[in-house]
Amino acid sequence: MGRYADDVLAGDWRRRKVTPEVDAEPDLVVEDADSGFCGAVVGFEAGAVVLEDRHGRRRNFPLLPAAFLLDGRPVTLRRPTRAPVPAARRRTASGSIAVNGVRAQVARASRIWVEGIHDAALVERIWGDDLRVEGVVVEPLDGIDALDAEVRDFAPGPGRRLGVLVDHLVAGSKESRIVAKVTSPHVLVTGHPYVDVWQAVKPAALGIRAWPVVPPGRPWKEGVCAALGVAEPADMWRHILSRVDSFADVETPLINAMERLIDFVTEPA
1 MGRYADDVLA GDWRRRKVTP EVDAEPDLVV EDADSGFCGA VVGFEAGAVV LEDRHGRRRN
61 FPLLPAAFLL DGRPVTLRRP TRAPVPAARR RTASGSIAVN GVRAQVARAS RIWVEGIHDA
121 ALVERIWGDD LRVEGVVVEP LDGIDALDAE VRDFAPGPGR RLGVLVDHLV AGSKESRIVA
181 KVTSPHVLVT GHPYVDVWQA VKPAALGIRA WPVVPPGRPW KEGVCAALGV AEPADMWRHI
241 LSRVDSFADV ETPLINAMER LIDFVTEPA
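In full-length UniProt numbering, the protein residues as written are 1 to 269.
The hints are simulated quantities; they were obtained by calculation from the structure and are not laboratory data. Be a bit skeptical, because a hint or two may be false.
Derived Cβ-Cβ restraints for the label pairs, each shown as a range [to be verified]:
| # | residue 1 | residue 2 | range |
| --- | --- | --- | --- |
| 1 | A155 | V213 | 37 to 45 Å |
| 2 | N256 | K174 | 17 to 25 Å |
| 3 | P212 | S246 | 19 to 27 Å |
Taking lysine to any residue pairs in the SDA-like style, the calculated list, with each CA pair at most 20 Å apart, reads [said to hold, decoys possible]:
| # | residue 1 | residue 2 |
| --- | --- | --- |
| 4 | K221 | G143 |
| 5 | K181 | A146 |
| 6 | K221 | S173 |
| 7 | K202 | G217 |
| 8 | K221 | I208 |
| 9 | K202 | A146 |
| 10 | K174 | D196 |
| 11 | K174 | G217 |
| 12 | K221 | A155 |
| 13 | K174 | W220 |
| 14 | K202 | A226 |
| 15 | K181 | H168 |
| 16 | K181 | D142 |
| 17 | K174 | E124 |
| 18 | K202 | D249 |
| 19 | K202 | G223 |
These numbers were taken from a predicted model, which means no experiment stands behind them. Using N, Cα and C, we set each Cβ at its ideal position, and we do this for glycine too.
Can you build the whole structure from these sequences, using the hints too?
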């Protein structure tokens with residue numbers, strides 16, 4: 001056999017797969033193929049691209065061939081020939097840095113439960129963008145009286161975590177006794193001290209000085225509506241939700257509880 005016995009042009013060489021090159025523009029979201037770290041391009045250091053994830057963590061990655069995934073496909077990042085102009089950092093309603101060009105992820109097996117449809121609507125208003133990026137579904141319950149049984153039916157596990165947001169979770173309350181029955185390490189139950197999720201909205205956002213004090217024995221929502229001169233709770237709720245634009249319109253305990261739940265259900269198994 002001669003040195004060039006094989007024809008280097010033999011075969012369908014025109015169909016050979018070529019990894020596309022992509023300019024690493026500011027805010028482009030990619031995933032490092034080796035580590036799985038996903039973040040937005042925020043700059044360059046010592047010949048490496050700097051990525052920042054949704055928690056603000058930054059890591060440097062060398063610009064190696066086919067080292068990154070864009071929309072699930074391998075790409076080679078290259079530094080733009082022109083000096084990149086830092087884009088204005090847009091933030092979501094929850095205060096996290098918004099990432100551009102990211103589609104909603106396929107839903108995880110993990111879930112976040114909230115007590116009712118009002119809680120779900122408020123969570124969507126503030127954390128909806130973050131939850132879609134993470135692939136987390138929020139499901140409303142009809143109260144938590146049967147929480148222990150519902151958790152057992154859900155069958156939580158390492159790759160199937162469950163976070164539960166509970167209203168009025170304070171020491172000595174009925175809610176605290178119900179929550180104490182849930183002991184699975186794959187379930188995190190947390191909440192806020194307010195009687196209802198309505199009360200987690202800051203009064204200033206509604207143009208009132210404080211939430212009305214409702215006498216014991218009277219349904220809280222009905223008492224609030226009567227004190228504020230609103231005919232129906234549904235009308236009051238529409239007004240409340242319309243005045244919430246971001247995390248700045250709700251109280252800190254609700255913010256802290258939701259951030260803990262999102263971190264818990266998105267933590268790698």
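Against the structure, the hints come out as follows:
1. About 42 Å separates the C-beta atoms of A155 and V213, a value consistent with the hinted range of 37 to 45 Å.
2. Evaluation of the 17 to 25 Å hint for N256 and K174 yields a pass: the beta carbon distance comes to about 22 Å.
3. The supplied range of 19 to 27 Å is met by P212 and S246, whose beta-carbon atoms lie about 25 Å from each other.
4. Of the pairs offered as hints, the one joining K221 and G143 holds, with about 15 Å between alpha carbons and a cut-off of 20 Å not exceeded.
5. For the proposed pair K181 and A146, the alpha carbon gap of about 10 Å is at most 20 Å, so the pair holds.
6. Restraint check for K221 and S173: the C-alpha separation of about 18 Å stays at or below 20 Å, so the hint holds.
7. As the CA atoms of K202 and G217 are separated by approximately 24 Å, the hinted pair breaks the 20 Å bound.
8. A hinted pair counts as satisfied when its Cα atoms are at most 20 Å apart, and K221 with I208 qualifies at roughly 16 Å.
9. Proximity of K202 to A146 is assessed by CA-CA distance (about 30 Å); at most 20 Å being required, the pair is judged violated.
10. A hinted pair counts as satisfied when its Cα atoms are at most 20 Å apart, and K174 with D196 qualifies at roughly 14 Å.
11. A C-alpha spacing of about 15 Å is found between K174 and G217, which places the hinted pair at or below 20 Å, so the restraint holds.
12. At most 20 Å may separate the alpha-carbon atoms for a hinted pair to count; K221 and A155 exceed this at roughly 34 Å.
13. Distance hint between K174 and W220 is fulfilled; the C-alpha atoms sit about 16 Å from each other, no more than 20 Å.
14. Distance restraint check for K202 and A226: the Cα-Cα separation of roughly 19 Å lies within the 20 Å cut-off, and the hinted pair is therefore satisfied.
15. Restraint check: the Cα-Cα separation between K181 and H168 comes to about 17 Å, which is no more than 20 Å; the hinted pair holds.
16. As the CA atoms of K181 and D142 are separated by approximately 18 Å, the hinted pair is consistent with the 20 Å bound.
17. With a CA separation close to 27 Å, the supplied pair K174 and E124 exceeds the 20 Å bound.
18. Between K202 and D249, the direct Cα distance comes to roughly 6 Å. Compliance with the 20 Å bound is thereby established for this hinted pair.
19. Taken as a hint, the K202 and G223 pair is honoured in the structure, with Cα atoms around 18 Å apart against an allowance of 20 Å.
Violated hints, listed in ascending order, are 7, 9, 12 and 17; each of the other numbered hints is respected by the structure.
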